[in-house]
Each structure stands twice: as structure tokens, then as C-alpha cells.
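Undergrad: Each chain is listed here by its residues.
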Amino acid sequence: MGADILVYAVLYAVTVGAALGVLLNKDTVKSAMCLVLVMIALAGHYLYLGQEFVFAIQIIVYAGAIMVLFLFAIMLLNMREREVTPWYLRNSRFVGGAFALAFFILLAVGINTFGTIGEGRSPAPAPSIPELATLLTTKYSLPFLLTSVLLLVAVIGAVVMGRRTDPETGEDYLADEGELLQESL
Amino acid sequence: MEPTFLYSLILSATLFTIGIVGVMWKRNAISLFMNVELMLNAANLAFVAFSREFGLMQGGALVLFIMTVAAAEAGVGLAIFIAIYRSRRHIRADEIDLLRG
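As they're listed, the protein sequences go chains A and B. When you line the first sequence up against the working numbering, it's residues 1 to 185, in that order. When you line the second sequence up against the working numbering, it's residues 1 to 101, in that order.
Everything labelled a hint here was simulated from the structure, so no lab data went into it. Do not rely on the hints blindly, as some may be mistaken.
With a straight-line cut-off of 25 angstroms between C-alpha atoms, the simulated DMTMM-like cross-links for lysine to aspartate or glutamate are [claimed, not checked]:
hint : chain 1 : residue 1 : chain 2 : residue 2
1    : A       : Lys-139   : B       : Glu-95
2    : A       : Lys-139   : A       : Asp-4
3    : A       : Lys-30    : B       : Glu-95
4    : A       : Lys-26    : B       : Asp-94
Just so you know, these numbers come straight off a predicted model, no measurement behind them.
Use the sequences and the hints to build the structure in full.
TA: Laid out in C-alpha cells, this is it:
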């Protein structure tokens with residue numbers, strides 16, 4: 001039990017510290033790298049909770065694919081400008097912080113209530129990957145298939161949103177590299 | 001009740017709150033998106049914690065679906081930001097108010 005608490009304390013410190021890094025960094029790239037650290041720490045948490053499959057897809061999909069997508073978008077937008085809060089948004093920070101604090105208290109009360117409900121039960125055995133595979137291909141086979149449709153629609157949507165059109169004729173055109181280079185300079 | 005369950009829920013609540021604060025404080029649309037991802041991750045952690053506590057596999061399946069939706073959302077959203085950046089030269093969320101009432 002002592003080792004458990006130690007592992008948990010380290011994971012908690014890394015996760016919350018990196019999440020605060022996401023929040024407080026003015027530089028978007030550093031913020032994104034902190035988010036990668038949050039996701040890897042959460043993957044460690046999943047491993048610790050006995051969910052190997054979720055651990056694997058967390059690393060591959062989140063820390064790998066989605067964050068690379070974010071970094072690519074930051075690179076394409078050439079976003080090295082630092083965030084500056086204008087005067088008319090200063091006060092909204094306090095309001096937002098107060099609202100978030102209230103929400104956290106609400107969550108804490110909810111968790112506390114749940115803690116008393118769950119007392120006296122013995123912990124259940126960790127579910128296995130074959131069980132998850134069976135669940136996904138039997139009971140949840142329709143949602144599982146629909147996720148593939150969703151991904152297809154997302155790919156088509158991203159292509160449609162991302163393509164360039166000629167402002168005069170409305171036709172698609174591919175910008176040559178010189179133009180892209182000039183735009184980024 | 002396992003103590004790790006309670007710890008996981010507390011960590012999940014903390015991450016979700018940090019995500020909310022980020023969504024309220026940031027102006028840059030990509031930073032907003034990163035904080036939304038943080039909130040999705042917090043929800044995933046809560047699902048996994050409940051799944052572990054009750055010995056159910058549904059949590060893992062839901063996490064898989066959430067990750068798919070998050071990937072689709074990130075792909076389409078970042079494409080939209082790039083399209084907006086092309087016409088406006090910035091993606092400051094408070095200044096993109098074309099659809100305001």
C-alpha cells in the first residue's frame with residue numbers, strides 16, 4: 001500500500017504539474033509539449049489501473065497522432081507570437097477562475113458522496129483485453145462501425161476545409177511552393 | 001472501495017478544472033483546443049477509474065469512442081483554424097465574431 005501511494009503521488013504531481021504548464025505557458029509549442037507530458041503521465045495511470053489496452057491507445061493515438069497534428073497546425077500557422085491579454089479581458093480571468101473553482105467544489109462534493117456509497121465493497125478483478133474485444137464486436141458493434149464512418153467524414157471535412165480556392169474563379173488550385181514560402185515569411 | 005479509485009477521481013476533477021480555466025483564459029484557438037483535449041482526457045480517466053472499480057469493460061470501450069471523436073474533432077477543427085488563418089491572419093477566438101447575434 002505504501003508503494004501504491006508513492007507511485008500515485010509521483011503520477012499526480014507530474015500530471016497536474018504538466019497540466020498547469022499547459023495552462024500557464026504563453027508559448028503555444030511549450031504548451032503542446034506539456035500536454036504530451038500530461039498524456040504520457042495519464043497513460044502511466046492507465047497502466048497502473050490495469051487497463052493495458054487504454055494505455056496503448058493513449059500513447060499511440062493521443063500522445064502520438066493527435067499531438068503531432070496539433071504541432072503541425074502550430075507549425076503551419078507559424079504561431080510564435082505570445083499570448084497577450086488585452087485590458088478588456090483582464091476581469092474575465094477572475095470570473096472564469098471563480099467559476100472553475102465553484103465547479104471543482106461541485107465535483108469534489110460529488111466524489112465525496114460517491115465515496116460513502118462505494119464503501120464496504122471488495123475491488124473487482126481487472127478486466128482483460130479479450131473481454132473488451134468481445135464487447136466491441138458484439139454489444140457495441142454498431143457504435144464501433146459508426147466510429148469508422150465518423151473518421152471518414154472527418155477526413156473528408158478536413159480536406160474540404162483545408163483546400164484553397166481561387167478567389168476569382170472559385171476553382172481549386174494548388175499553391176506552388178514559392179508562394180507558400182513567401183506567405184510564411 | 002480502493003483508495004486508487006478515489007485518487008483517480010480527484011486527479012480527473014483537477015485536470016477537468018484546469019481545462020475549464022484554460023478554456024476561459026486563453027484567446028488563441030489552438031490553446032483553447034488543447035485545453036478541451038485536457039478535459040476529454042480527464043473524462044477518460046474517470047471512465048477508466050469507474051471501469052476498474054466495478055470490474056466492467058464498458059469504460060474501455062467508451063474511452064475508445066471518446067478518443068475517436070477527439071481525433072475527428074482535432075482534425076476538422078485544426079483544418080478550420082487553418083482556413084480562418086488564411087483569410088484573417090490570426091486565430092484569436094474573441095475576435096472571430098462573424099456569427100455573433
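Undergrad: Would you mind confirming whether the straight-line C-alpha gap from A/Lys-139 to A/Asp-4 stays at or under 25 angstroms?
TA: It is violated: about 35 angstroms lies between the C-alpha atoms, which goes past 25 angstroms.
Undergrad: Has the given pair, A/Lys-26 with B/Asp-94, been kept, meaning a C-alpha gap of at most 25 angstroms?
TA: Within the cut-off at roughly 17 angstroms; holds.
Undergrad: So if I understand the rule, the pair passes when the alpha-carbon distance is 25 angstroms or less; does A/Lys-139 with B/Glu-95 pass?
TA: Status violated; Cα separation ~45 angstroms.
Undergrad: Is A/Lys-30 within 25 angstroms of B/Glu-95, Cα to Cα?
TA: holds (24 angstroms)
Violated hints, in rising order: 1 and 2; the structure is consistent with all others.
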